[in-house]
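K.L.:
One-letter residues, chain by chain:
Number of protein chains: 2
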Amino acid sequence: MNEYITVRYLTEGKDLSKKAEGIAVGMTVGSWTELPAARKEMLAPYLGRVEGVTVQEECSGIQRGIISIQYPVGNITPDIPALLTTVFGKLSMDGKIKLMDIDFPPSLLSQFPGPKFGIEGVRSLLGVTERPLLMSIFKSCLGLPLHELEEQFAAQLEGGVDLVKDDEIFFVDDKAPLEKRLQSYNRIRENAGRPVLYAANLTGPVHQLIDRAKYAIENGANCLLLNILPYGFDILHRLAADPDITVPLMAHPALAGAFSSAAEYGIASPLLLGKLMRIAGADLVLFPSPYGSVALERNEALAIADNVRAENGVHRPSFPVPSAGIHPALVPQLYEDFGTDAIINAGGGVHGHPGGAADGARAFRAAIDAVTSGRTLADAANESQPLAAALKKWGGA
Amino acid sequence: MNEYITVRYLTEGKDLSKKAEGIAVGMTVGSWTELPAARKEMLAPYLGRVEGVTVQEECSGIQRGIISIQYPVGNITPDIPALLTTVFGKLSMDGKIKLMDIDFPPSLLSQFPGPKFGIEGVRSLLGVTERPLLMSIFKSCLGLPLHELEEQFAAQLEGGVDLVKDDEIFFVDDKAPLEKRLQSYNRIRENAGRPVLYAANLTGPVHQLIDRAKYAIENGANCLLLNILPYGFDILHRLAADPDITVPLMAHPALAGAFSSAAEYGIASPLLLGKLMRIAGADLVLFPSPYGSVALERNEALAIADNVRAENGVHRPSFPVPSAGIHPALVPQLYEDFGTDAIINAGGGVHGHPGGAADGARAFRAAIDAVTSGRTLADAANESQPLAAALKKWGGA
Chain A
1 MNEYITVRYL TEGKDLSKKA EGIAVGMTVG SWTELPAARK EMLAPYLGRV
51 EGVTVQEECS GIQRGIISIQ YPVGNITPDI PALLTTVFGK LSMDGKIKLM
101 DIDFPPSLLS QFPGPKFGIE GVRSLLGVTE RPLLMSIFKS CLGLPLHELE
151 EQFAAQLEGG VDLVKDDEIF FVDDKAPLEK RLQSYNRIRE NAGRPVLYAA
201 NLTGPVHQLI DRAKYAIENG ANCLLLNILP YGFDILHRLA ADPDITVPLM
251 AHPALAGAFS SAAEYGIASP LLLGKLMRIA GADLVLFPSP YGSVALERNE
301 ALAIADNVRA ENGVHRPSFP VPSAGIHPAL VPQLYEDFGT DAIINAGGGV
351 HGHPGGAADG ARAFRAAIDA VTSGRTLADA ANESQPLAAA LKKWGGA
Chain B
1 MNEYITVRYL TEGKDLSKKA EGIAVGMTVG SWTELPAARK EMLAPYLGRV
51 EGVTVQEECS GIQRGIISIQ YPVGNITPDI PALLTTVFGK LSMDGKIKLM
101 DIDFPPSLLS QFPGPKFGIE GVRSLLGVTE RPLLMSIFKS CLGLPLHELE
151 EQFAAQLEGG VDLVKDDEIF FVDDKAPLEK RLQSYNRIRE NAGRPVLYAA
201 NLTGPVHQLI DRAKYAIENG ANCLLLNILP YGFDILHRLA ADPDITVPLM
251 AHPALAGAFS SAAEYGIASP LLLGKLMRIA GADLVLFPSP YGSVALERNE
301 ALAIADNVRA ENGVHRPSFP VPSAGIHPAL VPQLYEDFGT DAIINAGGGV
351 HGHPGGAADG ARAFRAAIDA VTSGRTLADA ANESQPLAAA LKKWGGA
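Residue numbers (our numbering), protein chains in the order written: chain A, 1 to 397; chain B, 1 to 397.
FYI, nobody ran anything at the bench for these hints, they're computed from the structure. Honestly, I wouldn't trust all of these hints.
Chain A side only, calculated, beta carbon under 7 angstroms to chain B, not exhaustive [stated by the list, open to error]: (1) 73; (2) 77; (3) 258; (4) 261.
Backbone N, C-alpha and C fix where the C-beta goes; we use that ideal spot for every residue, glycine too.
One chain only, chain A, in its complex shape:
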């Protein structure tokens, strides 16, 4: 029995059913109806097929809607470059068409590594079970000497964050090289008296990234950040599949807007940042929150979180990390939208606190404690001066 990958596209055309047939043949065996019977028999296992066509609107003779095509699993090798080339390579250039979703049969899914740690593994490393985690970002990294970064790092830890990440544009680190940062931050981490994950930006030539990751881990890295889309999905897959990569992998969404922002072209974000990041092995998946200025539509952000966490029969769930525009007054909304198994991630919302980054983190922790115990922020602010100051600055409650 042939197994199929089911791929949904949003597209338009004079006749969507005919277009769907064209895709099913054109993206697989190339031609079909005119082939002799013997050749049809030989190529049948490779032929795509139309699963369904839903015309959503028709205007001036142009149909617009969803085309669902099934591709034989045997047409691809189990990796994302082969997958994307096969289902969207040439097709991406063929007029208005957006790749909306892909459903994988379990046999294919199981050939992708998925997260090595996932939600449970990251929680276990941090020893935190019952609340959303708190992450903060360095205010900036580029050009700063190590001692300033140390101060930023220490202040964030002092206030109670669980994870700290490098700035994703931190490629040139000659003033604070990775080895030195790791030594220094690890000393600060040890003094924190509780586990903290520091996601160091993994950079360099793509064919050396696995070795660089191992080197970082040997030098004390306990989490790694990677700009997945600029480097390509496959290196995430290979990092996650490598037994010597023994730390969680954090996926930054840099460049995602180039793929997913257009309504009629590209790749939908719940697939790009949700399903694909997870199957390729991201333990923590950053994506634009629905609240800030760099924002996703709420339903898209929720769909990403759903895709990284929902049972898929094979992989551990990953932590969704809705990011950008987050301040303490948003915690109730975040908790309502993303629940307990999410990470609250802030940059300006920590560093911009009137009392500094440590108070910024304290305000978030107080807000998180409030929502998980069913209290209002206003109530909790009576016992937390940092939260009170945050609410005064950012409104809310």
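Following the hints, complete the assembly by docking chain B onto the known chain A.
P.N.:
Leaving out everything else, chain B in the frame of chain A:
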């Protein structure tokens, strides 16, 4: 003296000048005006600056136009992931914005490998100096046994093509494994009595692609095809920079539409498929021709060709390969648009010839000979039955 990378964006906003300032600061040092003087002095070398703002239209209080930002070269490592993350990572998710162009200072350009062969190198391998080259694509590859592929390959060579490429979706080749194809095609190539390049599809885990390329070359590969965008630009860079990769690299545009088709988002194709492919090291750059159903706008296709060939002070020019929808009757138009230093590339226009693939190639060669000697196709068709048959089928002249 600081050197800068100049980046142009098409975007919109209430106040483009203010937006430009926000990008120049936000994508580099993070904050500026409120910093103390000592810190400004320290961070000044990393600060982006606004080169110019051109408001192209203003409607209902929204300005639309081009913002030009200069990023210090020292902010990035010389690789495309660092470049794209830095100039478009976060920004790509920030509303309507399209990355239109990047100008590199020579000091940065010279740190990218560029094409190892380029136009002159490929011509030299083929021994063809004075005319556009002819390339053809296997009608299909997936699922076909070796002997059928051999027949396709031989027919294409018989008709006079200079280059043949694998289908880009050829990942699963168990019926005709790469080693076997190389052995067999090389035998056929030797019998051709003239040089022919066969671009074998390079596939596999990204961290193994360099080794796989070397293995292919040891087994007789004389050209390699790669789906650059699904794998990521950096692996092309590393292949091109490796002295043991001694064959031309052919860049397929699979997935390009996901980046470049939208007017208001993504990355413009003359940058994506033109400049970036060339600096990363593609000797031959495929892109949608302006003629077929999978088409680019004519000015975009011409701009790609211009970007891969124009003098950039550092790199060899690459061969532009406008593809899709090409048949012999289009050769005069192709020659007018792309000139001598281009590759005429056809799939259906070769295999769909009434006399078969060999006649298809003959028709193209006759058409190329006609245009380079200033004759009309109708005139040349008097001496070439295959060209006459092609013109009858595909119209023209």
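K.L.:
Taking the hints in turn, state whether each one holds.
P.N.:
Verification of the hints:
{"no.": "1", "hint": "73", "result": "10 angstroms, violated"}
{"no.": "2", "hint": "77", "result": "5 angstroms, holds"}
{"no.": "3", "hint": "258", "result": "4 angstroms, holds"}
{"no.": "4", "hint": "261", "result": "4 angstroms, holds"}
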